[in-house]
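Between the sequences and the hints, there should be enough to build the whole structure, so can you do that?
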Amino acid sequence: MSTKDKYLVIAGVIICLVIAVMSPFIASSDPDGLEKSAEDVGVPEVEASYESPFPDYTIEGLDKIGEIAALAIGIIITLIIAYIVALLFKRRSPPEASK
Amino acid sequence: MHIPDGFIPLWQCAIYYVIMIVALYFSLNWARKNLDERLIPLMAVLAAGIFAIMSMNMPIPFGTSGHMLGGALVAIVFLAPEAAVLILFIVLLVQALIFGDGGLTVLGANVVNMGLVGGVVAFFSFKALQKFTGKYLAAGIAAWLSLFIASEVTAVQMWLAGTFPLIEGLAMMGLYHFFIGIIEAILTVVVLIALDKVRPDLLAWNRKKNMGEKTLEASEEVAAK
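Heads up: the protein sequence lines correspond to chains A and B, in order.
So the first sequence is residues 1 to 99, counted in our numbering.
So the second sequence is residues 1001 to 1225, counted in our numbering.
One should not assume that every hint holds.
[Stated by the list, open to error] Pairs of lysine to any residue residues, derived as SDA-like cross-links and limited to a Cα-Cα distance of at most 25 angstroms, are as follows:
| hint | chain 1 | residue 1 | chain 2 | residue 2 |
| --- | --- | --- | --- | --- |
| 1 | A | 4 | B | 1197 |
| 2 | A | 4 | B | 1201 |
| 3 | B | 1197 | B | 1036 |
[To be verified] Cβ-to-Cβ under 10 angstroms is the rule here; a few derived chain A residues that face chain B:
| hint | residue |
| --- | --- |
| 4 | 7 |
| 5 | 43 |
| 6 | 56 |
| 7 | 77 |
Just so you know, these hints were derived from the structure itself, not from any lab.
Just so you know, even glycine gets a beta-carbon here, dropped at the ideal spot from N, CA and C.
In structure tokens form, the structure reads like this:
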């Protein structure tokens, strides 16, 4: 990775973490467009088929800190997975060789 | 607008999974042909950024809220809807597996509406508008359209699933996402302007058809301006 790319990743992660810190405080807790539409037409809530480790971006017992930590964990995991996927499926051949 | 488990019957979930897998096949093919080594960090950062921004629900009128999808941004940065499908798939998978946001059975349906529909609509509307309106206005409109149409496709999915009545679903989803789309458009344009300022070489619209050395020249020219 070039220095420029390192800066890109660092700057990107910092922006993401700033969002993660602000989000639990300023994000609206109103239902989102789909949930609200579902309420409006009277769809009953359904139990999820599967128990996730941090349901609804919360960590049990921790309030806002837990939300921030859950988001930070998610950001890092997403970053790593996307990096690995991109690395696995990047272009193999040099530009001239590919048609 | 992550569809939760239980909103769509399982046999329909299976159909969306098939569509998603076909779309992912094209995405991976695209990556094999076009994803330069130097674009890997950008891909990772965009995925993390989309994960983060999706947590930021902004209040909109009528007691509801909405968040950016980011599919339009990815499709325009890479000028490839395939990239949007791939990144949204990764983000939605993490959200479903670790945070229970959007169900696992409906992962296919969520990737189809947010990634595939969002990415394809953004890409083609950007392409069509770019010449007439300039790239930033085109990107803004494309982002708005991609979110709005993705939400209407979700309404249709809900109708096919028997969860929403068609007209009411289209009207509600359309009304709420009309406003969410404005947020999506603004953020998409802001990120594009920022990227064009600091790393013009990473934006596909600054790259010429034949990659390689010309890419560097082109990006240096842009940087010099």
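Quick one: which hint numbers does this structure break? Sort them smallest to largest. Structure breaks no hint.
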